[in-house]
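Given these sequences and hints, build the entire structure.
Protein chains in written order, with the numbering used here: chain A, 5 to 384; chain B, 5 to 384; chain C, 5 to 384; chain D, 5 to 384.
Source of the hints: derived by calculation from the structure; they are not laboratory data. From a predicted model like this one, the values you see are computed outputs, not experimental measurements. It is possible that part of the hints are untrue.
Note: identical chains are not told apart, hence a pair may lie in one copy or across any two.
Claimed, not checked - Pairs of lysine-lysine, BS3-like flavour, derived with a Cα cap of 27 angstroms:
{"hint": "1", "residue 1": "K172", "residue 2": "K307"}
{"hint": "2", "residue 1": "K204", "residue 2": "K271"}
{"hint": "3", "residue 1": "K120", "residue 2": "K307"}
4 protein chains.
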Amino acid sequence: MNNQTQNKVIKDVMHVGEMASGAQLTVPVYKFTAQGATDAPSVYIQANMHGAEVQGNAVIYQLLELIGNIELFADVTLVPYANPVGCNHKNGEYTLGRFDPITGVNWNRMYHNNPKLVDVAVEQYIEESDREIEQAFKQSLLDDINEQLDHNIFGLTTGQRIAYQLQKLAHQADLVLDLHTGPISSKHLYCPEYAKESAKHFNIEHTLLIPNEFDGALDESTFCPWWSLSEAFKAKGRCINFNKESFTVELGSQEQIDLDIALTDAKSILCYLQYKGVVKPNGQQDFVPDEMIRYACYLKDYKAFYSPMGGMVDYLAEFGKPLKAGEPLARILRMDNYGDGDALHYISLDHEVLPILHFASASVNQGTELYKVFSEFFTL
Amino acid sequence: MNNQTQNKVIKDVMHVGEMASGAQLTVPVYKFTAQGATDAPSVYIQANMHGAEVQGNAVIYQLLELIGNIELFADVTLVPYANPVGCNHKNGEYTLGRFDPITGVNWNRMYHNNPKLVDVAVEQYIEESDREIEQAFKQSLLDDINEQLDHNIFGLTTGQRIAYQLQKLAHQADLVLDLHTGPISSKHLYCPEYAKESAKHFNIEHTLLIPNEFDGALDESTFCPWWSLSEAFKAKGRCINFNKESFTVELGSQEQIDLDIALTDAKSILCYLQYKGVVKPNGQQDFVPDEMIRYACYLKDYKAFYSPMGGMVDYLAEFGKPLKAGEPLARILRMDNYGDGDALHYISLDHEVLPILHFASASVNQGTELYKVFSEFFTL
Amino acid sequence: MNNQTQNKVIKDVMHVGEMASGAQLTVPVYKFTAQGATDAPSVYIQANMHGAEVQGNAVIYQLLELIGNIELFADVTLVPYANPVGCNHKNGEYTLGRFDPITGVNWNRMYHNNPKLVDVAVEQYIEESDREIEQAFKQSLLDDINEQLDHNIFGLTTGQRIAYQLQKLAHQADLVLDLHTGPISSKHLYCPEYAKESAKHFNIEHTLLIPNEFDGALDESTFCPWWSLSEAFKAKGRCINFNKESFTVELGSQEQIDLDIALTDAKSILCYLQYKGVVKPNGQQDFVPDEMIRYACYLKDYKAFYSPMGGMVDYLAEFGKPLKAGEPLARILRMDNYGDGDALHYISLDHEVLPILHFASASVNQGTELYKVFSEFFTL
Amino acid sequence: MNNQTQNKVIKDVMHVGEMASGAQLTVPVYKFTAQGATDAPSVYIQANMHGAEVQGNAVIYQLLELIGNIELFADVTLVPYANPVGCNHKNGEYTLGRFDPITGVNWNRMYHNNPKLVDVAVEQYIEESDREIEQAFKQSLLDDINEQLDHNIFGLTTGQRIAYQLQKLAHQADLVLDLHTGPISSKHLYCPEYAKESAKHFNIEHTLLIPNEFDGALDESTFCPWWSLSEAFKAKGRCINFNKESFTVELGSQEQIDLDIALTDAKSILCYLQYKGVVKPNGQQDFVPDEMIRYACYLKDYKAFYSPMGGMVDYLAEFGKPLKAGEPLARILRMDNYGDGDALHYISLDHEVLPILHFASASVNQGTELYKVFSEFFTL
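As structure tokens, this is what we get:
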């Protein structure tokens, strides 16, 4: 190890709310500072916005261990335990952390977007340099979030208060990674359509290409404004590449911590960061993505398949392997029908799909989301 | 009692889903048929879409008892226990029935709307009579729902399957009443802006006037298409009054059954139905709405006030009485601060409001919806 | 106000556990110290062991305000928010704080009892003075709790860790009050049979007389050892009155904070404390219990009545008023039976009872605890 | 396959309760009748008393398929979906079915035991034959359950009503198997100490030997009365072997259905039933238990290890393999401590244990049950 490239991490504790008892809700924030001024894009990585999706914390642990000893050309901020309510919300043995237990709103649908900022920016900064436009627009995003946080007489929901403070950190970076997991799931990546090339630099076999539509998630809240700004300038005849990218990285299944797999996934992220010029291994081998077939799918073709019946499920389809029309996704057991009906039902689709994830529990109601599949797909 | 006007109710049981064990989810459906053919608008009334909002069932009980003995000029369909999942979903002592416990989606945000049907209708039926347009469009709404229910290879969510089947019944009627309650709440009415006159015929002091925007609820799913159709014909220079009205009737607080109050509220509904020509008392006194000051508020001015802090809440503001700027909505106890901070906090707003409902529990996190208020209001 | 008698409260923060995120679970502890040495019994009061039972916090608030200005002859320790897990455990709108959400174990059934300590004490201290016996036994109770907390290689449950630390504080006092509430409930008092006289000094109309049987609750964990010790010495021919009393004070309904009612209940507690010589009003009127009929019932005659059917409940019986045989406790609505069965069922008992509390929700399954009643009762 | 030995199953539907909506709670009951009169012991097998423990249903499916085609010398009753409340109780994605969601009481702690029946039987039947004693005592167990179900003015809890009806079926059999699973778990068997020999006839590597103490579970409720009766007669100098055995069979992890593994486990149960003379393969190979090391442990030595800290858990110890003192059970990640504390903690014990199961979630509070282990063990 080369001492010159040992990076120091600074820890901060961000206060994001308080519970009924007055207990403070806090989030740890870790920051590495670049060695000297460079043009490399700065980075923001968070994990565990959904309570049960814990593996991202282990990936951040491994990133903290790794980044300490490599060359770093831009600031990197890492936030594990991003949602202190979801993280601690048990009901029964499992963590019930996909939505606010009081309101039912998905914790990852509460970020902020203000399309008016784009209109204002195009009008106001059309004469400025690319650099000035970028800085002014970034400032307007931050000012807007601060306005929401501090000047609202009717207040914010619990989830908005958490989300907006995270978003404030994210808006200060150029590259944003939000670490999630599926229920029981393959690894997959949500990637803006324009950043398709970058998807090849992660060790992730499945990529969802998402359009410029804000639906409340962190990735969208950070890339959509910039995409829209580019589009608005393009409409005025000016092309600017702001080099902003945001991804939701789905690390596999929820309710699992595996520090060894986390090391692999941390290295996958470093492949991408090396590609973007943020890091360089210190005397070790480069972080190079694995050779693999990378399947991609447009978000509109990413389909949830809802169970046509209630029952107990023996999940059969393997993730990440094309499943032919008529091949079973699952077989559903209905013991109440034994003897006077069909106790075993095989469930399949009428065209080839690529199964990506399935429901976390072995029993479903009619209408429970059984599988999510790429219903149309291609290789990157 | 006059035997000639005794109406018979027909009971049906609608199958709306099945649970993991195979248990069938069913909803009872009660139908009265009009005495002879008339022009009076037909009626659909449902209750208990949200599990804890049970009082509407008691109102339907009283309506069944009352309608049996009055003159009836149109078909009336009544559906208690509209949501058999929410109705039975306990967690702890209370009923956790505002959203699907698996997905967090609000049960009353899953109805269907297809704006394309309006475009098709205007194009196709511009030459037809009002009556023919109405019948054709009603049929297209029903066909569209059937299409969703039966011809979708990826299936429907549990909540959609329930909602769509209820919506099928609702689309067959001209007047739709969805009986809900608030958490701890005054009585109030969600009323389309164009139906403001009708609001004066309920015994309900507070009316929310809602615009022509579909947000997933039953009332919107049934009046928005017709409103849009009227607007579309108006744009073509043709004015048609389809006489379709839908309301969400908020009966007071959840987790309460009171059969005596239910009788009062059933009579309030009969006031409205008599006004619309659906019923006539049989030798008794007319159903006439009470004299009262009726406050109204546009939906955009109906504000949720989120708690600025966590704590234990002593709710102070009375419902339905204007609360002056600076007067306390609530005082919040924070025993963790006693001795070295403020243990008691008074919460107020900087302008006059009309409190309508407050949170159901005595403890809140920072950001929990504390009160909902008319922030601007006027009398009807 | 007389400055000489102004008591200062000391605040401490007790660490009782930690959550998955590492968030510390803490409990605020307030202590008043007696003015000079006296023989008056010391006092321990806690509140909110069950999450939804919040009103005790408001009573402690009022006690803190009142005790500051009266004469105090013994140490008083007050602990609001005793259970930081239960206090913050929401699921849906309500607080789900009666049992550990992971294990289902009632938070007030996890205190510690070690019957062997009595045998040891009788054997070891039979020759000692009453005072020495008391001190030695108190020390053995504390040592035993410390042993449980610190020297157990397999560890403690979350709830035991909280309960044992509270119990450590309680064992240091002579009089213990655990402030609870029922679901929807009248005020009532759990009182050891031997302390019946003291029950007359609270402003509480209903008293449950409980035997010397440990069932896991705080009151039992603190009085049972002393009662058993007295009995054991009595069996040896020696009568000792240790003057230890513990009560569970049920303040009414859960999910309610009312600071005005809390003031009344704080004064009721001061009546009892004045009767025991702990406090004296400072130039004000004495704290004197109200005249009232006080009904009592032995614990064995305190009956839960389980609903004979599922349905929606209109609770009819008033609390604290004898209900004659055959008079309805409640009427249960069953809309699924309307038309082809009985939609309304009146529920009654075959002998006179005194209703004390009922279930918190308006809907019940078959077998849900509908009411709790004194099935045999008498006046104190 | 030999048609002569094809057994027909009769299906029945048992009504065990009703929900708030009036929905009936039912349980399917399958019965095979013996081919001709024999002395072979009759059998009762149920599954899924805990909602998430679904694999037993798949085992019953395979047993139904297998038993249809073998020789059968005694009646066999099979009950899948034994608990229709737990089976359907979702909260979040998982099934929350270990305890009544309203009361927190474990569904498998609500069976009935009445020790007085033994005293009565010994007194009344001391002069009778073994056969007469057995029949009279069995009848007294059934009468007692019926008495509880039907003649209790204060009623039964929801869980008791379900449990008692299942117990009524179980009391009619000689051999009782209750199919459960752990959270994430190895296969293991709860076996009465006296039936140790039988444990060798299941393909299960770990056996818990349990004493004659009733703690509310089905196995105990069915073998304890007979064990006590034997003991009571032995005290009178008379030895009777009633040949009653009850087991709780832990099939592995919850929230999993695997029909292939279920077939293996069904055959394991048939090994035991062949050993007891209940079945004989029809022209196929015998059901013979596998050779394996079978570890056993007394219930008093079956220890829960509670997490000494909150955090995210990487479970390390393998099930069913002795873990040496000091070897890690798990490592616990605490990202809030990174940089200014220890982020990674290895958890071990000071003596050798045999890990059997661990918690289902990857995050724990301080005091959550992390592992259950045989702390002392031996081979059978």
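Structure-based check of each hint:
Taking the shortest Cα distances, K172 and K307 sit within 27 angstroms of each other only across copies (26 angstroms), while inside one copy they are farther apart (32 angstroms). Taking the shortest Cα distances, K204 and K271 sit within 27 angstroms of each other inside one copy (14 angstroms), while across copies they are farther apart (49 angstroms). For the homomeric pair K120 and K307, the shortest alpha-carbon distance between copies (22 angstroms) is at most 27 angstroms, but the shortest distance inside one copy (32 angstroms) is not.
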